Amino acid sequence: MLEEVGTTTEGDLIINVGPQHPATHGVLHLVITLNGETIKKVEPHLGFIHRSIEKMCESLTYRQFIYVTSRMDYLSAHINNHACALCVEKGLQAEIPARAQVIRVLMDELTRIASHELWWGAMAMDLGAFTPFFHAFRERETINDIMEETCGARLTMNYMVPGGVMQDIHPNFQRRVKEFMQLYKRKIHEYDEMVTGNIIFQNRMKNVGYLSPEDAVSYGCSGPTARGSGVSCDIRKLYPYEVYSKLEFDEILETGGDSFARYMVRIREMQQSIRIIEQLIDNIPEGDFQAKTKAVLKLPKGEFYSRVETARGEFGVYIVSEGGTTPYRIKFRSPGFSNLSVLDHIARGSKLGDMVAMMGTLDLVIPDIDR
Amino acid sequence: MQLTQRAKQVDRRPMTQLEKLYLWNIAKGMWITISHLFKRKVTIQYPEQKRTFSKVFRGVQILNRDEEGRERCTACGLCAVACPAEAITMEAAERQPGEEHLYKEEKYAAKYEINMLRCIFCGYCEEACPKDAIYLSQTFAQANYDRKGFIYKKEDLLIPNPKEDPDAYQRAVGERVTKPLSS
Ligand code: SF4
Ligand code: SF4
Chain A
1 MLEEVGTTTE GDLIINVGPQ HPATHGVLHL VITLNGETIK KVEPHLGFIH RSIEKMCESL
61 TYRQFIYVTS RMDYLSAHIN NHACALCVEK GLQAEIPARA QVIRVLMDEL TRIASHELWW
121 GAMAMDLGAF TPFFHAFRER ETINDIMEET CGARLTMNYM VPGGVMQDIH PNFQRRVKEF
181 MQLYKRKIHE YDEMVTGNII FQNRMKNVGY LSPEDAVSYG CSGPTARGSG VSCDIRKLYP
241 YEVYSKLEFD EILETGGDSF ARYMVRIREM QQSIRIIEQL IDNIPEGDFQ AKTKAVLKLP
301 KGEFYSRVET ARGEFGVYIV SEGGTTPYRI KFRSPGFSNL SVLDHIARGS KLGDMVAMMG
361 TLDLVIPDID R
Chain B
1001 MQLTQRAKQV DRRPMTQLEK LYLWNIAKGM WITISHLFKR KVTIQYPEQK RTFSKVFRGV
1061 QILNRDEEGR ERCTACGLCA VACPAEAITM EAAERQPGEE HLYKEEKYAA KYEINMLRCI
1121 FCGYCEEACP KDAIYLSQTF AQANYDRKGF IYKKEDLLIP NPKEDPDAYQ RAVGERVTKP
1181 LSS
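Taken in order, these protein sequences are the chains called A and B.
Residues in the first sequence are numbered from 1 upward in steps of one, following the numbering used here.
Residues in the second sequence are numbered from 1001 upward in steps of one, following the numbering used here.
Extracted from the complex, chain A is given alone in its bound form:
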């Protein structure tokens, strides 16, 4: 059986999943070669929502291009913006006020919770449980409301500017976040009990889609996908940015390597995000929320790279500057692309029905992959 895997022979069935398929969460097209129910090959076809963001950024100024990047990984738009702002600040060698740093980290972690929340609901829905989706959206709505009050938008926040954040936090912000944290701690327990503790769910997740740590590294996986295989890769711990080095939180590692391990990493990560928020929410320093920067930003000639940990993994921004007001070249390293590339590897030899569980726990966001 095993030697047949990966080659197409007479009698194999080739099916298309997507570009419009509920389990692909966007326009991902998978060409799957099947032998009976067994997957022999998965070929992802990309490019359906390619918007050429990297090229577009070359004609935008350093202030403007940050906003376009919200449209890549729209579920952690804020963290994308953060990476871009960090990279520009690196070039400008700007000092970020302490208040702005804390606000940024708070927003990052709220975004992470919201993103994992949506992942959790959507993944449960893929596996056939419809109710978690509504529960997840209800809690996510509260985060969206908090974001709207402070940032001015609900999904594509555009709250980052080089040098800080766009406006100060809303007076209600701290109170609402604290209330939400109280509620959310109970909810996360409920989720854990109802979905994770479900025997059917566990049977569908355990020992499905095994990814070894070696493969995770060689495919360039990052984020919860790699940490589910026991690879330590949390940028917040390895290359701390902003105030992360002063915070107490754990990098969650699971050694299982299967879908269930990846699932558990994300659930536990939400709890760590709560920990981070609770440490910061009462300690937002006074001061400016934005450093004074010039109206027209010019980066010195050179190359700049900065990376952050988004909800999906390592997101990197690489700017080549010729000294002008627009970047000469921009390259984004998006976590989703590498994480998708292991799908073929982990799906080979397993059943078609299990692929949904694998795709669910890889947490793919297609605009992030396609850019």
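It is possible that part of the hints are untrue.
[Unchecked claim] Heads up, simulated BS3-like pairs for lysine-lysine below, C-alpha to C-alpha not over 27 Å straight-line:
#, chain 1, residue 1, chain 2, residue 2
1, A, Lys-187, B, Lys-1041
2, A, Lys-90, A, Lys-301
3, A, Lys-187, B, Lys-1039
Simulated from the structure, these hints should not be mistaken for lab results.
All values derive from a computational prediction rather than experimental measurement.
Start from chain A and add chain B with the ligands according to the hints.
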């Protein structure tokens, strides 16, 4: 296998017999569902009920007027330069004698268009404007029958005249505090 010192391993106990008994889970799930019958609904019936947005919400743009109902925009073009989506186009014109009650500055925008299909509602036009002439309001749901309809003309964007229709003006301004005129 511990790969780093920083990481915390997650404990993975096998399920107990009680947890394996699926009936128990169903009962608990049912309890959660039933308890929701007695909680306040979180949904709103959208077209009939509307929620208010926050003060900083970035919705459809509005071209502002001053207290006397004159247009503030001087067609300087700073908003068009700042716009990442290149959504704004305008044509400037000189104010003629006798038009002082219409336009605040000596130059005004004869044509001012925002392509709503391009706009990403980033709010940079509002930030760039030196005259506080454009801002993003709390209205958001635009609908139209064709693409041309999404190119909003100056007539669509201008706020109602505070002198002629103070109520409509107030509604359009919403909770926003308009800056006092600088010049
Ligand atoms: S909100 Fe942003 S994209 Fe829209 S018109 Fe203003 S500057 Fe352009
Ligand atoms: S809206 Fe403001 S920035 Fe734009 S042209 Fe008019 S005055 Fe200038």
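Cross-check of the supplied hints:
With a C-alpha separation of about 17 Å, the suggested pair A:Lys-187 and B:Lys-1041 falls inside the 27 Å cut-off, and the hint holds. As the CA atoms of A:Lys-90 and A:Lys-301 are separated by approximately 12 Å, the hinted pair is consistent with the 27 Å bound. For the proposed pair A:Lys-187 and B:Lys-1039, the alpha carbon gap of about 15 Å is at most 27 Å, so the pair holds.
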